[in-house]
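Visitor: In the order they appear, the protein sequences are chains A and B. For any residue, its number in this note's numbering is found by taking its place in the first sequence, counting from 1, and adding 1277. For any residue, its number in this note's numbering is found by taking its place in the second sequence, counting from 1, and adding 1277.
Don't read these hints as lab results, they were simulated from the structure. Check the hints yourself; a few may be wrong.
Note: identical chains are not told apart, hence a pair may lie in one copy or across any two.
[Unchecked claim] Below 20 Å or equal to it, Euclidean Cα-Cα: the simulated SDA-like pairs (lysine to any residue) are:
no.: 1; residue 1: K1378; residue 2: G1557
no.: 2; residue 1: K1333; residue 2: V1345
no.: 3; residue 1: K1667; residue 2: L1382
no.: 4; residue 1: K1667; residue 2: D1530
There are 2 protein chains.
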Amino acid sequence: MAASPSQKNQLFLGLFIHSIRLGELQYLHDAAVCVDKGGKIVAVELPCDQEKAEDKLYPSLGWTPGDVLVTAAKDGQFFFPGFVDTHLHAPQYPNVGIFGKSTLLDWLNTYTFPMEASMAELPRARRVYARCVRRTLAHGTTTAAYFATIDVAATNLLADLCLAAGQRAFVGRVCMDRLGPEYYLDASPAAAAAAARASIDHIRTIDPGFALVSPVLTPRFAPACSAAALAELGALRRETGLPVQTHVSENADEVALVARLFPGHASYAEVYDAHGLLEGGRTILAHAVHLTDAEADLVARRRAGVAHCPCSNTALTSGEAPVRWLLDKGIAVGLGTDMSGGYSPSVLEAARQTVLVSNHLAMPAAAAGVERAPDSHRQPPDDNERARAKLSVEEVLHLATRGGAEVVGLSDRVGGFEAGKEWDAQLIGLAAVPDGGGEEDGGRAGAGAADEGNVDVFGWETWEDRVAKWVFGGDDRNVRKVWVRGRLVHSRSPS
Amino acid sequence: MAASPSQKNQLFLGLFIHSIRLGELQYLHDAAVCVDKGGKIVAVELPCDQEKAEDKLYPSLGWTPGDVLVTAAKDGQFFFPGFVDTHLHAPQYPNVGIFGKSTLLDWLNTYTFPMEASMAELPRARRVYARCVRRTLAHGTTTAAYFATIDVAATNLLADLCLAAGQRAFVGRVCMDRLGPEYYLDASPAAAAAAARASIDHIRTIDPGFALVSPVLTPRFAPACSAAALAELGALRRETGLPVQTHVSENADEVALVARLFPGHASYAEVYDAHGLLEGGRTILAHAVHLTDAEADLVARRRAGVAHCPCSNTALTSGEAPVRWLLDKGIAVGLGTDMSGGYSPSVLEAARQTVLVSNHLAMPAAAAGVERAPDSHRQPPDDNERARAKLSVEEVLHLATRGGAEVVGLSDRVGGFEAGKEWDAQLIGLAAVPDGGGEEDGGRAGAGAADEGNVDVFGWETWEDRVAKWVFGGDDRNVRKVWVRGRLVHSRSPS
């Protein structure tokens, strides 16, 4: 029941903004979008107000006005596609912001494995997962690709909670039969495969067509999986056709470890490919910071996608992923919060940091006092190539929506406002600065129920500038309402 | 009147956290801080509750209970010193987040000079400045070093607004007699000096002892000032003893421009020194991304401070300031939002980005696809030196408070909770996660009046971990109350 879409036909009116290709946002002013009872967009018309919609669109759809729920964006608000978070770990949610000066491999042992293992206690998992799902929805994440833990019951609980909350989700039981502490390992490759099956079976029971929640095969990453475990999951992939998610080339020490553990293989990515985990064209590879040229070509050839996680990569000092270079290779790129390597539940923050990390890549020289070691496998590019690394606001919003949809294999269903897609959307509102600038409010600007967030619009800004202000200053306060498949799943005020 | 401190003696009770030296936070649990009618801390005692304060502290202070306003931090809340924003441009506030792919010199012409010039229209300046002051206060900024514009009346208005709102501020009329467009330049060096004097005189009228608001001599930066204009301001500095603020070595092209414009000088910083603008030990130098070794030594010798502006430096692709190296040189470092080169009014965001930028400096190699040009004047450091570049949560909170106080010359008055200092403080609250994780709220987590922000505390976290979560996930919603010199200047709920 909870997963069922809205029971009414719906009309949305106002400004709609979405990415139509990398670097190009389309602004649909005074538009109307009709969404049917199944949550699917069945008409996009502009210019169009309610009267015109009733006169022109309803008859062709067989709708009658009394049967339609109308939602109009107020002046200054706009509809935007829901964000796709292509990579996050729900059990690590309590650790957001806690990483100290660690890097990947010690971070796993110090912070991550103990927290993940503790989710086997189901009331604890329920509290953590419910909060994580609520928070991400509140930040406009309509689709999330979750790593759960090795525990089947807790993984199934996460799937239940996503379905109940109405968040589109991929939920993966984590497979790991080495590297972890004794108390947090699969007993054998066969046990890992059996546990994966158990979680798949559960999700098939609660959402038979995987309309909202889907299982995803989840080998943690090559260093934590024996070759036999990878082979088991590869076989399961071929059998089920399910998507795969894992990590690749996040950290230099990790890359070296993979080379030691899998000496017969040409690269980290090739380890996955050799075990049947890249070949389905539905694999999400998180990070991809340190891919070699040949490795990136392999990823592109297999049509695997990359979950770019800038917050995490900077927090854990993993590196600066060369997103422009990945895109140039023809690889699909989406954004991931990667909590809790990443410190924020917000895909908007990931988008902001994607711009900033791309700027770091474009900086002309290391600053005084510290300098990078030269990269081992590429020639220094010229100034123009460095400048090309910079990603624009429009580009990162593409990655946050349509790019993410491509990475998780949902390009045909979400990411933009075309007829035939499903209504996964957020209503964004910005704050209008009063004439007096707020002097008159007695020192309580932004306080209480009227808190509209930090993005101040003076009124003279172009829409392009407002979008830039939103990307750099926005937060969950700007997310007024969120829908998935037509269902209202979050609202900041009673709707 | 508005600038007068609280009229009552005050007792603050609960947990107080402050930095006592770079890298070390002190946690004063169950403590009491007494603040007199003048806003000065007169006693710090622990452990101490209200009863003990009344029995032990009040008699020695000559206080009676009926004469004392008591504010107790709730369980889970803590007092923290107010933030010092060592560098921001109030007239650029409407442009936060708007910078595109520009770098410093084209950014000035495209976005900045037109916006600054428009502040000559006073109703517009009032709206922008009032909002800027309110926003920064709401983010816990109790002291701000503002660049205004070349317009004296608008500069004076900014000083008036800071005084009325109760924000401790340095307000600088900007001097620039070249580089800018025709419509936005001082007519001559003498005119620049006269305008600076006019603004100083105004502030002396409204706040005679500069107890809350102080003028600051503000040559925009060397490329925008003739040698004669710099000399006029240098003479004014010697005459008045006032502090100075300007920019230095933000961007590589700017550094090259200074070398061309001032061919007789050893370095960018030496240009200021030669014109008497470093010698008072009260100069705030914003950015300092590309200082040479000798230049940094000069800055250290002159006891000038650096306003580190990581958000701006990354947004404008200026570079990564080597903060550890500056600190090793013995230079005082504070944090600046640098709106609108920086995209956020929050010093907490600047602190967060200070950690992240320091991590970029520590990254072992450029990523694939892009590589930095080698730095011209320093040897590549080894791995340990790179790792040392990383700044901790404790270190950046020091820079945000005590470091900033040192940079703006207020070390004896603000930055920590010692008797003798003034009560510039913020009360921080984090969100406690309910047992059900928020499932029970009907999809409205974080909505409306009960919105306590994004920092979720589950209850098992150490205080060190809570502070890290605050630094990485906090925003103005966590700033429940703000005081300057004992006066309550911001509150998120009726106090």
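Visitor: Within a copy, between copies, both or neither: which one fits K1333 and V1345 at a CA-CA cutoff of 20 Å?
Guide: within (14 Å within a copy, 69 Å between copies)
Visitor: At most 20 Å between alpha carbons: which applies to K1667 and L1382, within, between, both or neither?
Guide: between (29 Å within a copy, 17 Å between copies)
Visitor: Within a copy, between copies, both or neither: where do K1667 and D1530 come within 20 Å Cα-Cα?
Guide: So K1667 and D1530 pass the 20 Å test across copies only (18 Å; inside, 27 Å).
Visitor: If the cutoff is 20 Å on CA atoms, where do K1378 and G1557 land: within, between, both or neither? Let me know, please.
Guide: neither (37 Å within a copy, 37 Å between copies)
Checked against the numbered hints above, the structure breaks only hint 1 and satisfies the rest.
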